[in-house]
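K.L.:
Sequence:
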Amino acid sequence: MSSEVGTLPARVNSSTRVRFAPSPTGRLHIGGARTALYDYLLARQTEGAFVIRIEDTDRKRYVPGAEEEIYEVLSWLGMEWNEGPDVGGPFAPYRQSERADIYLAHAEQLVDSGHAYYCFCTAERLASVRKEQQARKKPPRYDGLCRRLNSEEALNRKHVGESHVIRFKTPRQGKTTGVDVIRGEITVENATLDDYILLKSDGLPVYHLAAMVDDHLMEITHVLRTSEWLPTFPLHVLIYEAFGWEQPAWVHMSVLLNPSGKGKLSKRHGSGGAHAVYPLELKELGYLPEAVVNWLALMGWSYDDRAEFFDMPDLIRKFSMVKLNASPAAVNFSKLDHFNGLHIRSLKQEDLAKRLVSHFHAADLEVTEAELAPIVPLIQERIRTLNEAVEMSGFFFRDTVQPDPQQLIGKNMSAAESAAAVSRSTELIQGFDRLDAESLELALRGLADDLDLKVGQLFGILRVAVTGQRVSPPLIETMEILGMGLVLERLNRAAELLDSLE
RNA sequence: GCCCCCAUCGUCUAGGGGACUAGGACGUGGCCCUUUCAAGGCCAAAACCGGGGUUCGAAUCCCCGUGGGGGCACCA
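335 is the number that this note's numbering gives to position 335 of the first sequence; each next residue is one higher, with no gaps.
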């Protein structure tokens with residue numbers, strides 16, 4: 001393990017602390033889940049702490065229930081956390097809205113040390129300044145009006161209660177360099193940076209202040225975030241420097257792109273269907289958490305030129321930050337299907353039966369794990385999602401099936417010939433005490449021979465008769481499980497349907 | 001408009017100067033197996049964005065161009 005992370009700062013092997021810091025502003029999507037996964041893998045691999053921090057300083061964008069969904073998704077995917085708003089921890093509270101006083105104190109500390117200043121400009125003035133700059137094709141930036149205020153005047157205005165924010169006093173000259181684990185040095189001219197607001201007029205911080213303060217206070221050693229933070233990365237370096245803090249290891253991973261490769265993954269692609277972008281949606285569609293984890297891990301990270309099938313313990317062992325890919329990755333849903341199939345097939349039969357239950361229930365089929373048990377071996381290697389099991393084997397649990405009469409006609413056969421085949425099959429089956437696969441198959445193959453039919457012709461008719469479907473689990477085993485009663489019943493029904501065609 | 005990042009098959013990627021007739025996976029096509037559908041096995045098509053350098057030698061290093069992505073809020 002040490003060789004895989006050997007190029008990273010030495011503290012990797014001491015006590016690593018990694019945090020997943022989502023905003024409860026909407027549903028957690030697969031991009032967020034992937035970030036959390038990498039956080040988790042790094043923490044577990046180094047036997048460090050995985051921390052959840054809720055970044056809810058924007059009261060306007062707060063979405064009730066979003067925080068709960070975050071916990072639900074992480075739990076479902078199998079990432080247990082060591083510290084967080086719900087479980088507490090040595091650095092509580094872990095919800096930024098509950099830490100307002102901390103940020104205020106730190107912002108004022110920066111004012112005192114000359115690294116920040118009070119700004120009394122109104123939103124209207126800022127908007128007009130920005131508009132004017134854009135009209136002149138100039139980069140929109142704060143014009144520095146309040147930066148020039150002397151501290152005495154600023155303090156006075158503050159004390160009489162004038163609404164204000166605290167801005168960072170970004171150096172006007174020079175450049176700032178930050179070091180990223182996967183991209184190396186990122187350098188930016190300070191002049192292209194802004195005097196960013198650190199503390200809003202409502203007294204709450206913006207990300208730039210809150211995240212830096214918390215990462216330091218919570219002793220976070222590795223900051224993993226997506227590359228959309230690259231433009232303000234140097235600002236964050238500057239903030240750390242202003243406080244005189246030691247920087248964490250910065251890791252800016254690539255973003256996820258839409259399946260088309262055009263643009264950042266959008267929610268629009270989600271909502272039902274094959275392109276669900278929310279993990280919880282994937283769960284409902286019948287994807288295994290193991291498969292989702294496997295799939296997510298491989299979008300922007302790779303192990304070697306061969307292995308791809310991983311479970312969580314594998315990933316914990318094999319993960320390496322330096323193997324994170326710097327370029328954006330388009331999500332590939334067909335690969336998720338593939339992984340899901342692989343993971344379904346690697347499940348123990350009892351386990352698969354257990355997981356199938358809720359999906360049958362969702363389709364109004366009240367089945368039990370025990371009833372599913374004999375079906376599982378028949379479908380395990382045929383399904384790619386849990387929901388497909390319902391489509392494929394739901395007929396086992398319905399009182400009747402509704403075959404399409406036309407489909408009851410055998411290949412290259414007439415309706416009458418097909419009806420005859422059904423009636424001969426019925427007679428044959430009536431001769432059984434009970435249906436056992438071995439002798440039933442022998443008998444049915446013999447019958448096909450007698451009728452001068454190909455096995456596929458006869459079986460095709462019986463398949464549709466008995467299951468109501470053209471695609472089903474293997475016919476013989478299916479009939480065995482269904483039992484004589486149901487098989488005969490459905491055969492009779494098929495005979496009627498065939499007769500009605502003539 | 002300005003700033004930052006990125007660039008190998010359709011997609012995810014291996015590759016860190018010679019091991020490259022560029023490897024794997026998904027998807028696609030074909031064959032085998034076969035009671036349907038799968039699964040499995042075999043095979044095939046499919047890529048180093050362009051141009052300059054550096055070097056005996058470049059997918060690998062540098063520069064420019066182009067393309068793609070991201071950012072430019074009292075959002076994160």
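Simulated from the structure, these hints should not be mistaken for lab results.
Don't take every hint at face value.
To be verified - Taking lysine-lysine pairs in the DSSO-like style, the calculated list, with each CA pair at most 27 Å apart, reads: (1) Lys454 / Lys411; (2) Lys335 / Lys354; (3) Lys323 / Lys348; (4) Lys60 / Lys137; (5) Lys200 / Lys158; (6) Lys175 / Lys158; (7) Lys158 / Lys137; (8) Lys354 / Lys411; (9) Lys131 / Lys169; (10) Lys264 / Lys169; (11) Lys200 / Lys60; (12) Lys158 / Lys264; (13) Lys283 / Lys335; (14) Lys262 / Lys283; (15) Lys138 / Lys158; (16) Lys200 / Lys283.
What the hints assert, rightly or not - Derived DEER-like restraints, expressed as beta-carbon distance ranges: (17) Ala123 / Ala100: 47 to 53 Å; (18) Val179 / Arg59: 20 to 26 Å; (19) Gly263 / Arg59: 40 to 46 Å; (20) Arg470 / Gly263: 26 to 32 Å.
For glycine and all other residues, C-beta sits at the position ideal for the given N, C-alpha and C.
K.L.:
Against each hint, give a clear statement of whether it holds in the structure.
P.N.:
Status of each hint after checking the structure:
no.	hint	in the structure
1	Lys454 / Lys411	holds, 9 Å
2	Lys335 / Lys354	holds, 25 Å
3	Lys323 / Lys348	violated, 32 Å
4	Lys60 / Lys137	violated, 31 Å
5	Lys200 / Lys158	holds, 14 Å
6	Lys175 / Lys158	violated, 32 Å
7	Lys158 / Lys137	violated, 34 Å
8	Lys354 / Lys411	violated, 38 Å
9	Lys131 / Lys169	holds, 22 Å
10	Lys264 / Lys169	violated, 32 Å
11	Lys200 / Lys60	holds, 13 Å
12	Lys158 / Lys264	violated, 42 Å
13	Lys283 / Lys335	holds, 16 Å
14	Lys262 / Lys283	holds, 26 Å
15	Lys138 / Lys158	violated, 31 Å
16	Lys200 / Lys283	violated, 39 Å
17	Ala123 / Ala100: 47 to 53 Å	violated, 21 Å
18	Val179 / Arg59: 20 to 26 Å	violated, 34 Å
19	Gly263 / Arg59: 40 to 46 Å	violated, 29 Å
20	Arg470 / Gly263: 26 to 32 Å	violated, 40 Å
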